[in-house]
Amino acid sequence: MDSHELALSSEQLLALYRTMVLIRRTEEQLARAHQMGLVPGPCHTYVGEEAIAAGVCANLRQDDVVFSTHRGHGHALAKGVSAREVAAELLGKATGCSQGRGGSMHLFAPEVGLMGTSGIVGPSILQGAGAGYSFKLLGSDRVSVAFFGDGAVSNGAFHEGINLAAIWDLPVVFVCEDNMYATEVPFREATRNQNVAERVRVSYGMNAVCVDGNDVLAVHEAAKVAVTQARAGNGPSLIECKTYRLRPHAEGMRDGGYRTVDEVESWRKRDPIATFRSELLVNKQADEAAIDAVEEEVTIIVADAMDFGRSSPFPDPATAADFIFSAQD
Amino acid sequence: MREITYTEAAREALAEQMAIDPSIFVVGEGIGERGGNFNTTLGLYEKYGPMRLRDTPIVERGFVGMCTGAAMTGTRPVVDFMIVDFILDSIGELFNQISKIQYMSSGRIKMPLILRGCFGIGGAAATHHSGSYYPLFVHIPGFRVALPSTPYDAKGLMRTALTGDDPVLFLEHKLLLNKRGHVPEEAYSIPFGQAAVVRSGGDATVVALTVMLQKVLAISEELAREGAEIEVIDPRTVAPLDIDTILESVHKTGRLLIVDETFGPCGIGAEISALVMENGFDDLDAPIARLNGMHTPTPYSPTLEGVITPDHAAIAGAIRNLLAE
Ligand SMILES: Cc1ncc(C[n+]2csc(CCOP(=O)(O)OP(=O)(O)O)c2C)c(N)n1
Ligand SMILES: [Mg+2]
Numbered sequence: 461m462d463s464h465e466l467a468l469s470s471e472q473l474l475a476l477y478r479t480m481v482l483i484r485r486t487e488e489q490l491a492r493a494h495q496m497g498l499v500p501g502p503c504h505t506y507v508g509e510e511a512i513a514a515g516v517c518a519n520l521r522q523d524d525v526v527f528s529t530h531r532g533h534g535h536a537l538a539k540g541v542s543a544r545e546v547a548a549e550l551l552g553k554a555t556g557c558s559q560g561r562g563g564s565m566h567l568f569a570p571e572v573g574l575m576g577t578s579g580i581v582g583p584s585i586l587q588g589a590g591a592g593y594s595f596k597l598l599g600s601d602r603v604s605v606a607f608f609g610d611g612a613v614s615n616g617a618f619h620e621g622i623n624l625a626a627i628w629d630l631p632v633v634f635v636c637e638d639n640m641y642a643t644e645v646p647f648r649e650a651t652r653n654q655n656v657a658e659r660v661r662v663s664y665g666m667n668a669v670c671v672d673g674n675d676v677l678a679v680h681e682a683a684k685v686a687v688t689q690a691r692a693g694n695g696p697s698l699i700e701c702k703t704y705r706l707r708p709h710a711e712g713m714r715d716g717g718y719r720t721v722d723e724v725e726s727w728r729k730r731d732p733i734a735t736f737r738s739e740l741l742v743n744k745q746a747d748e749a750a751i752d753a754v755e756e757e758v759t760i761i762v763a764d765a766m767d768f769g770r771s772s773p774f775p776d777p778a779t780a781a782d783f784i785f786s787a788q789d
Numbered sequence: 520m521r522e523i524t525y526t527e528a529a530r531e532a533l534a535e536q537m538a539i540d541p542s543i544f545v546v547g548e549g550i551g552e553r554g555g556n557f558n559t560t561l562g563l564y565e566k567y568g569p570m571r572l573r574d575t576p577i578v579e580r581g582f583v584g585m586c587t588g589a590a591m592t593g594t595r596p597v598v599d600f601m602i603v604d605f606i607l608d609s610i611g612e613l614f615n616q617i618s619k620i621q622y623m624s625s626g627r628i629k630m631p632l633i634l635r636g637c638f639g640i641g642g643a644a645a646t647h648h649s650g651s652y653y654p655l656f657v658h659i660p661g662f663r664v665a666l667p668s669t670p671y672d673a674k675g676l677m678r679t680a681l682t683g684d685d686p687v688l689f690l691e692h693k694l695l696l697n698k699r700g701h702v703p704e705e706a707y708s709i710p711f712g713q714a715a716v717v718r719s720g721g722d723a724t725v726v727a728l729t730v731m732l733q734k735v736l737a738i739s740e741e742l743a744r745e746g747a748e749i750e751v752i753d754p755r756t757v758a759p760l761d762i763d764t765i766l767e768s769v770h771k772t773g774r775l776l777i778v779d780e781t782f783g784p785c786g787i788g789a790e791i792s793a794l795v796m797e798n799g800f801d802d803l804d805a806p807i808a809r810l811n812g813m814h815t816p817t818p819y820s821p822t823l824e825g826v827i828t829p830d831h832a833a834i835a836g837a838i839r840n841l842l843a844e
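Those protein sequences? They're chains A and B, same order as listed.
Each residue of the first sequence is one higher than the last, beginning at 461 in our numbering.
Each residue of the second sequence is one higher than the last, beginning at 520 in our numbering.
Since the hints were made in silico from the structure, they are not lab data.
There could be a bad hint or two in this list.
Said to hold, decoys possible - Under 7 Å between C-beta atoms, here's a sample of chain A residues computed to sit facing chain B: (1) G552; (2) G560; (3) G579; (4) V581; (5) N615; (6) E620.
What the hints assert, rightly or not - Chain B residues, not near chain A, derived (Cβ > 10 Å throughout): (7) E522; (8) E527; (9) E548; (10) R553; (11) T594; (12) I610; (13) M623; (14) T646; (15) H647; (16) D685; (17) H701; (18) G721; (19) K734; (20) G746; (21) F800; (22) G825.
All residues carry an ideal CB built from backbone N, CA and C; glycine is no exception.
Chain B with its partners taken away, still in its complex shape (with noise of 0.2 Å):
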């Protein structure tokens, strides 16, 4: 099979479903006939033109909130804020509009909009430039929230947003953008919702995202050489999140680790550990253990952040923990 990179692969995606679908359109700074910051939408512009590639002003607040009009009005926007930090700006519109119209509209107004960009730290981008926020949207009722990890996820889980009603947030980490992949040719959904068993193993498991969890499998080939067999799981969505496949896991390794870039305190691996904790306790050999990023802004010299998000040592680390518990 080819192989295309993360952005090419939800780039496909995007370009397929404009292809079929007339009300998609994608608002953003620089998404125009520039092709989009991180060639989110090379191309586009010069099939689709203007009203279907805006390019916008700075003005977060203002398209999210238009493009929650547009949604309620028959139209599927596709919000590229290009780096999440950005739509904070946003969050009224977000909270407050898009993830209560329906509810509030009794099912009869859908909200199909997609909101994508990056996240995720890396390349010095310092504090402005380097946030994840997921957590957040996990926590209000709404949002479906998609983090690919591979170039295949990315652009199974873009058509599965482009195809349904609800809200997305699709995240893409700024360290993946180039990563390449096998990735079919024809259209294919993911559905959201739905983990993937990315190793499987009968020792211990482990739960990871996007960059996180391209360095669990490195670890875990390394563990394998030492005779512990790690199960890798990636969520792929974390709202919804499919614990069952989680609670399966951890029903045959009785152990769990979750890492995550991001914050602890409220976080997706807080989340997962009640659940396992309530569902799944006498499953338990040892405790569940969690690893975060450190709860703070993002510094910007090297010796800073790379010292803020869990590294190689630190991953291994807490895996041989939890086999030694």
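Bound conformation, chain A alone (with noise of 0.2 Å):
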């Protein structure tokens, strides 16, 4: 095994693999919500892809911020939002992080510092990008971090607020999740250099690694340099983390034509989490007892949030155009 695997403690290790699981978990009752018909809007999961926000915000302060994507159930809850406002915002309940306003992509907890999933591709890039000028102007190591997919790497958004954070040496790090797929393109149909840190590096003379992102210890060594370099001042990174997202696009969508069944079920054997339990295990570094307690300690967590979700009211008519302005007209 790797050195820098001894660097963190077991619970250290059983924390991330806690934080994947209640990841896994949630989204598998969140996805079983849509199919009963309990999630009225959209729903993307990111089953298969827990590592990378795990590995990442494990590295966080709550005061540090985060930008996230459609598919942001994953680092909304690694961020530290709490199942039971998860779930009941996207059962469109006023208890959910943004009062029933927001659904799945746009799920919002300053709180904890999660500054938004969002409905849009490519925003994230230039706001994280903005959150590390802020805190750099006002003196701060807070640390910003941006969430994208691969979809993401073509757009403007991508090489304006990469070149933006570069040249002006922001507390940024940028985290593209690559699953291969933007919804159903494949990411080799949509550039011709696939490898997004290579191209950041020489491009735009930007710190920047790729890691396997199904490996959550690979994920948060890498998050641990870039957040470390951030906070002491040295600027951005970015971290290429190639991973597969084992469900549909978004829930209730096919998942069949644009990928073969033996592709998904060669991810499927990669699991992060359970390929990390047995790894977990091999090492001796949690027994079976430790992580069966985790995973106890999660499937009640996941059950009371649901409940939660689905005991709440849903928010009050008299509210829908709440908070357009700092004031109420």
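Reconstruct the complex from the two isolated chains, following the hints.
Written out as structure tokens, the structure reads:
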């Protein structure tokens, strides 16, 4: 095993495991709820990609900020939004983190540094850079993280945001989640060079690494370096995480025609949670009992979250136009 | 006559014109082999291949800007943007370039570019997928803006878009895509700037578009049973706007209500109202009334989303008030 893994205590390792399982179990329930018609809007799951949010956010403080995507449940949960608030929001309830105003693609919880999931591809990169600018101007050591998919890499927002962060040495960590497809478009058809880290190093002069996004320790290690660098005032970096989504682009969508069953199955064998679990056991960093205890705890949290969401009230229609301005007109 | 869906009708016009005009090509995310997220190009890739059905990366500014150059140089691009909120990323290309090229070139360059896709509130799509924005395009000189309400109109207006030389914003309400209706098999065009009097009546005029039009029609039937005859007008295009048909109707009824799903301020209703005041003031027996969607970003939860657009009761109430004025 790599030396970096020794740096983490059993507690830290189990915490990473716990975050991943929390994301997985929450989304399994959300997907089920969607099938039952209880999630009224769109729902893009993060199943298969949990190691990235878990590995990155474990390096963040609560006052650090995260800008997320349309596939943001994992980022929200890893940043510390409660499963209750995520579940309630997807169910359209007043107790959700956006008070029922947002749903899956508009999760906001600035109290814990979740500055929004997004229905639009691209803005997370620019807004992440902007938060870095704020922190630099304010003389703060806070760090900003921008998550985005391979689909955003071809977008102007990527090139403009990365370049600005680079020329102004902003305390930002850009995390590219390359799951090989943007909806059903293979990344190889969207770009002639899929090596995002290499492109960013060469074209924009920014530190950038490429890691196995299904290896939570590899992500954690890369994020630790990047966050430490940003916090110390040494500028931005990018982490390219190679990963794969195991469910359809969005719940209720077809999942055939653009990728093969074999491909999906080969990635299922590399499930980040199962892989990490066996590593923990093989390396004797945790025993079955400890892992089972985490799973049981998470199962209870998620069941409670769904109950909470289902029993919560829908928002009062009179609040539909609240909060457009800083003070109500 | 056979019945097909709204989406099929628009696609039929596209297919017919693509067969005749080799300069037409479509760009957008998922419109190639996949046939479009909303089946707008289903079956066309097999016929015309990737040069004419160009699947793109997520680059709205990129493909809108690129299509501007293409339209300037002899081809006829159709930008299939899926959901209108997405092309806001290309607003500079739209408002500073596409709308001004013919003017800047003193008419020597044409701008036969079509921007088509979904708009509107429904299905808990929330605020990044529920926009309308068409009043903005009416405000800017240089756009044609079509909002078909029926499969018949979708086919005829699409053909007009594909045979004209101006930029056209062609908006399809997401709740109408699977609506079926009679559509002739042969090709036909519906001229821009020609409203449809969808229902005639002498007691009040109601102007409405797309989904709101469907609601207004249903309510008009109810009111007819109470003895009130409502004239319902569908402008079909809001730029150009057929104000003459509206004025004629108001001349007859003396009362006007404009129902529009999107925002009131500086909107279609404000414009129609001002034009009727300027050109038909003496015909009015009551103040012109407007009914609009709430002036707010679109919320997600059904209990919120459900109250921000004019519903059956609100529309019926507004018409009754107008009749009672
Ligand atoms: C500006 C914009 N264009 C198009 C879309 C529609 N859309 C939503 S997700 C998506 C694909 C995103 O792919 P990627 O960034 O790789 O993220 P992934 O879904 O793979 O996690 C697209 C095209 C959008 N949300 N915003
Ligand atoms: Mg992707």
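Checked hints:
1. Residue-level restraint check for G552 of chain A holds (minimum Cβ-Cβ distance to chain B is 4 Å; threshold 7 Å).
2. Given hint, G560 of chain A at the interface with chain B, holds; its Cβ is 3 Å from that chain's nearest Cβ, closer than 7 Å.
3. Hint status for G579 of chain A: holds, given a least beta-carbon distance of 3 Å to chain B, under 7 Å.
4. For the restraint placing V581 of chain A at the interface with chain B, the shortest Cβ-Cβ distance is roughly 5 Å, inside the 7 Å limit, so the hint holds.
5. Because the smallest distance between the Cβ of N615 of chain A and any Cβ of chain B comes to about 5 Å, under 7 Å, the interface hint for this residue holds.
6. For E620 of chain A, the interface hint is violated, since its Cβ never comes within 7 Å of a Cβ in chain B; the closest pair sits about 10 Å apart.
7. The claim that E522 of chain B is not at the interface with chain A holds, since no C-beta of that chain comes within 10 Å of its own (minimum 26 Å).
8. Here E527 of chain B stays apart from chain A, with its beta-carbon at least about 20 Å from theirs, past the 10 Å limit.
9. The claim that E548 of chain B lies off the interface is violated: its Cβ sits roughly 7 Å from the closest Cβ of chain A, which falls inside the 10 Å cut-off.
10. A beta-carbon of chain A comes within 10 Å of the beta-carbon of R553 of chain B; the shortest separation is about 6 Å.
11. At roughly 22 Å from the closest C-beta of chain A, the C-beta of T594 of chain B stays outside 10 Å, upholding its exclusion from the interface.
12. With a closest Cβ-Cβ approach of about 13 Å to chain A, I610 of chain B is found to remain outside the 10 Å limit, as its non-interface label requires.
13. No beta-carbon of chain A comes within 10 Å of the beta-carbon of M623 of chain B; the shortest separation is about 24 Å.
14. At the 10 Å boundary, the C-beta of T646 of chain B falls inside the reach of chain A, the nearest C-beta of that chain being 6 Å off.
15. Interface exclusion of H647 of chain B from chain A breaks down, the closest Cβ pair being 3 Å apart, not more than 10 Å.
16. Look at D685 of chain B: its CB is around 27 Å from the nearest CB on chain A, clear of 10 Å, so calling it non-interface holds up.
17. In this structure H701 of chain B is separated from chain A by more than 10 Å, as the shortest Cβ-Cβ distance comes to about 31 Å.
18. The non-interface label for G721 of chain B is consistent with chain A: the shortest C-beta to C-beta separation is roughly 36 Å, beyond 10 Å.
19. Non-interface status of K734 of chain B relative to chain A is upheld: no Cβ of that chain comes within 10 Å, the nearest being about 19 Å off.
20. Under the 10 Å C-beta cut-off, the non-interface status given to G746 of chain B relative to chain A holds; the minimum distance is some 33 Å.
21. The beta carbon of F800 of chain B sits about 31 Å from the closest Cβ of chain A, which is more than 10 Å, so the claim that it is off the interface holds.
22. Chain A draws G825 of chain B into its interface by the beta-carbon criterion, the shortest separation being 7 Å against a cut-off of 10 Å.
The structure is inconsistent with the numbered hints 6, 9, 10, 14, 15 and 22, although it conforms to all the rest.
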